[in-house]
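Number of protein chains: 2
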Amino acid sequence: MKKHLKQLDLKRIRITDSLFGEYVNKVSEKIIPHQWKILNDQLEDSEPTYCIRNFRIAAGEEKGERKGVVFQDTDLYKWLESVAYTIAGGRGENLEELADEVIDLIGKAQEPDGYLNTYFSINAPTKKWTNLVEGHELYTAGHMIEAAVAYYQATGKEKFLNIARKNADLICRVFGTGEGQKRGYPGHQEIELALVKLYRVTGERAYLHQAEYFIRERGRNPNYLQAEIEGRGHPEFFPEFERYDLEYSQAHKPPVEQDEAVGHAVREMYMCSAMADLAGENDDQQLKDACQRIWNNMTDRRMYITGGIGSSGFRERFTTDYDLPNSTNYSETCASIGVMMFGQRMAAITGDASYYDYVEKALYNTVIAGINIAGDRYFYVNPLEVVPEFCTEHTYMEHVKPVRQKWFGVACCPPNVGRTLASLGQYIYAEDEYGVYINQFISSTADTEVRESRLKIKMNSTLLQDGKVQIEVQSSGPGNLNIRIPWYSEKCECVQNGISIEIQPEKGYQRLSISPGDTYISLDFHVSPRWMGANNGVRADAGKAALMKGPLVYCLEEKENGRYLSEIFIEENTSIEETAPAEELVGNVPTLSYKGIRVRNKGAAGENQLYGNVELEKEEVSLQAVPYCMWNNRGEGEMLVWHKLRV
Amino acid sequence: MKKHLKQLDLKRIRITDSLFGEYVNKVSEKIIPHQWKILNDQLEDSEPTYCIRNFRIAAGEEKGERKGVVFQDTDLYKWLESVAYTIAGGRGENLEELADEVIDLIGKAQEPDGYLNTYFSINAPTKKWTNLVEGHELYTAGHMIEAAVAYYQATGKEKFLNIARKNADLICRVFGTGEGQKRGYPGHQEIELALVKLYRVTGERAYLHQAEYFIRERGRNPNYLQAEIEGRGHPEFFPEFERYDLEYSQAHKPPVEQDEAVGHAVREMYMCSAMADLAGENDDQQLKDACQRIWNNMTDRRMYITGGIGSSGFRERFTTDYDLPNSTNYSETCASIGVMMFGQRMAAITGDASYYDYVEKALYNTVIAGINIAGDRYFYVNPLEVVPEFCTEHTYMEHVKPVRQKWFGVACCPPNVGRTLASLGQYIYAEDEYGVYINQFISSTADTEVRESRLKIKMNSTLLQDGKVQIEVQSSGPGNLNIRIPWYSEKCECVQNGISIEIQPEKGYQRLSISPGDTYISLDFHVSPRWMGANNGVRADAGKAALMKGPLVYCLEEKENGRYLSEIFIEENTSIEETAPAEELVGNVPTLSYKGIRVRNKGAAGENQLYGNVELEKEEVSLQAVPYCMWNNRGEGEMLVWHKLRV
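Residue numbers (the working numbering), protein chains in the order written: chain A, 317 to 963; chain B, 317 to 963.
Be aware that one or more of the hints could be misleading.
Identical chains blur together in the list; that is why a pair holds if it fits in one copy or across any two.
[Unchecked claim] The calculated SDA-like cross-link candidates involving lysine to any residue, where the alpha carbons are at most 25 Å apart (straight line), are:
1. Lys383 x Asn613
2. Lys498 x Gln781
3. Lys772 x Glu573
4. Lys911 x Lys934
5. Lys911 x Gly928
6. Lys934 x Arg962
Hints were generated in silico from the structure; no laboratory data involved.
The shape of chain A in the complex, shown without the other chains:
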């Protein structure tokens, strides 16, 4: 395997994008202060989380019972991770003191041997590491380690990192194949990728080995998780695990032998991210092949056009090839964040830009859809078709919310969106020893050193408007700039310092040689709106088309197009006009306008007739589509991605 791509230092990237800038700003302005209140139970209209209180009890500063879900500690860790990235991004000066205080508290909550988990320390000290299926101890530790690494990278302060190391050292002692060690592994993967991060900042190979152990041990026979379940006989934390299946947590066979994206979608993505990391670190072709198989199965058969994954609302999981229902799916925001994580790592170990097509798809559609423009409401679940009144409680639709929700007590997605936006730069730029890679066309600045050259990059993208990107590079010496040519580029024109460059991408990247001094690069990807269809295996999308422009999936909303969106049909070759952005949306992204027809059955009309003869009534209608990621920012209403085609 060749040398891998690395991330740039987040401290040296600034987001200036008209669309993403809006969301990134919300992290410091809204998400972090709001979550701080939640962690401290300071919101009057919200269920208490007990999060900080649990740490105080564990630290001996307060008395009481530990409350909240078993993995509630991760809320604080994800908050700290967001804070760290925000500090790195130059917007968190006022946060560092608060973070340091909380880190002190975490330190006090840690047991002398390094153990750190408020649930088990306080409520069940004799049950540590006995319920890996449900207990989330290793998952919680993983989020702690990720936060500690991020905080160290942002501030250079070692206290939190040392807490994490002490905990990781304990985990290395407890789990393994040696005498007296438990041959367990997490029910919810996360620790593995965190240990790789910890290895990368500390250079301590034991952490890398431990991550590898967890991946290698998983799914072996005799099956550790199965034995644990049978020993206990009943679920301890989650009654819905009464009928647990090992595929749910990808523990049905060793990951290196797996071929398909299965089970709980977030678990799969976190596991695969670690597998890709390990494949890269260890030059492990078998592991890389397994990653490739799972990635291909996912992107070729089990992913929504919005980059969403997890077709089953029940258990938030993958189902089977081509089973992609549009209204009952889960498509968790966190799972699409996982797609970004896995894709980034696959690109890093292969040098192949095409992985970023999917990172982009997930980011521009499902991940951003997870949060509203104001930055205070969230979707966990991201359907492609919504009729609000059908989203009823206690039914098969109870997971689908027709409007974004306030931050929940058990909240993985909001802080996950927070940390993803706060560290967005990692998905835009990468580098190797010869130069910089541009993976996303999000307006921003970056600077870095490549060998002896210092490169300062300024990217101004109007991709979503006119398909163009301007890049200025100030370089102190020679270097390469590798620009991803995205899948939707119909033709790519590239002009470097006034000279037209012939596009000959390698592994999806166009390499440009940068000379010392100022370089001006002008890209025109020729992006126009287009109707997309699905493979005929996808029964839900047969005879239908979805509208995309560049990476953005568009949708119809009730606001512009009225109710009963399922009555709408379009012609296969309907021409699309780009019109002014919808007023209340952000990023100056055009609305797409086109003609369609509404077809209604007059033969079964009125309040009291459910079925009747077919007597179609047709009406020509003007339709306006807005970016899917910004749906439901203007009140509750129907939404539809896949349009019926007149055939």
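Please arrange chain B on chain A, whose structure you already have, making use of the hints.
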């Protein structure tokens, strides 16, 4: 309120129908002997039910722990009910001895005070009547009483009836508003309609009052079930009841105030059946109005074209108006049996034939679909669209089976289908003091006395073939014959003894005066295949059509039409040809043949492309549809009811 319709004595009805005869025969040939083995744990490849064994333990004939689900006793009661109807139908001579023995065993299992429930008698004697939400004690008692009444009616033997009375007397003492009585009511309704039946054969008004009490007390504040749940704090029998909602069991408000079909579909139907009975018995207009509102809401907004109800696979329940997904629904076979029960009673108390349109729809489609032609495989769940590979375990589709299943351990539907088929005559004929009503056009014979006249009826129906029905009546005196004019009759021609009768139906019935002697009636309903559309509220069916002929819904199966049925489109006015019945199906019902087109997207073809440009490829295809009720009798494959329309 006027005089009500009554059922004819089942002993005097014989089914001779070419379609239904096939199924009815299976009750004595297959269902009853097979279930007897199941009850006795004599099937090697099946999980034991412990049913008879539990009774033996309760009777003191065996030692051991009581096993099986909490309502396992009902299996035996439903078996006995089927046996009783089969005896009444003249096919159960060899069963009576066995039934008498089992009834003796039941008698021994009954406690001295009348209590009868093997779970609570053996395993939890101190917990009787403490878990009405989940414990199914009153539900189980209800099935026992229904069986006892049926057995008494079939054989005239009183032993089982006396067991039932003793049990009912206990229930009357335990539950009520008096001093020392519990103000409870069942979590799963069933006892109410059973008590009405018991009242009708015994004349004991206490049973009618007790049924009324259960309906009146239900859903009152303070809420008994809610208090019970809160007192216990956690579910005892069904972990999925962790988040119980009172609408699930229609206990959110008093039934008489309810307006919509909500919650668990079978519970709703059983409750409404009792409500209709009580409305009739007590001339209670308020209760009748409530029944009417719930019925209308169900049939106008919440029912499949197949007569299926319960849109939500999760919790087997109703959802909301027009939410009728075709592939994820529950549409339990038992719930459609409930539609037949409720509809029959509504017709009885209103004299309105239109209720039988829905009884017929449920019977001819969903109920018969519940069993295979061979009589040994069953569907609980009846979707309108199936892609077998999408029916995956542990996902949102786990309730949907692409092939009928063997009799399950927890088996409500198979014995419910058994007792419904064995008593099919009750849905065909009814009577009042002036004559006989013909509600279904199922070939059969019947005789009864109306005032001083004896009427012998012979009906030969070729409704499903040519829309015609021949009826011969031999009458010893004058009487009326009231013939339901079904909704799908495009024009009705009626000839009585060679004289054409002008059709002027009243409440859906055409009344014919029968004179003493032989009367020959010839009906031609002019039934042709037709494309049906849904109300535009039903998003799942927008732009689609379903094919019906008479009461039968037709469907496409993979066998004749290939895979990827979702690619098929038809013209709104596609002409339909009636062709030879499919060879392996029964009842001599024609296949319907027509043209369509298959539309495939070439722009996203092959193994590795999930989405691509829209490039439609069209191919004309010949399609053949078979009756929905007989789908999946010729191997596993896709199935589709709602066809896409070219608009």
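A quick look at each hint next to the structure:
1. For the homomeric pair Lys383 and Asn613, neither the shortest alpha-carbon distance inside one copy (40 Å) nor that between copies (44 Å) is at most 25 Å.
2. In this homomeric assembly, Lys498 and Gln781 never come within 25 Å of each other (Cα to Cα): the closest approach is 55 Å inside a single copy and 70 Å across copies.
3. Taking the shortest alpha-carbon separations for Lys772 and Glu573, neither the intra-copy value of 43 Å nor the inter-copy value of 72 Å comes in at or below 25 Å.
4. In the homo-oligomer, the alpha carbons of Lys911 and Lys934 lie at most 25 Å apart both inside one protomer (13 Å) and across protomers (23 Å), since each shortest distance falls under that limit.
5. In the homo-oligomer, the alpha carbons of Lys911 and Gly928 lie at most 25 Å apart only across protomers (22 Å), although the nearest pairing inside one protomer, at 28 Å, exceeds that limit.
6. For the homomeric pair Lys934 and Arg962, the shortest alpha-carbon distances inside one copy (12 Å) and between copies (12 Å) are both at most 25 Å.
Of the numbered hints stated above, those contradicted by the structure are hints 1, 2 and 3, listed in ascending order.
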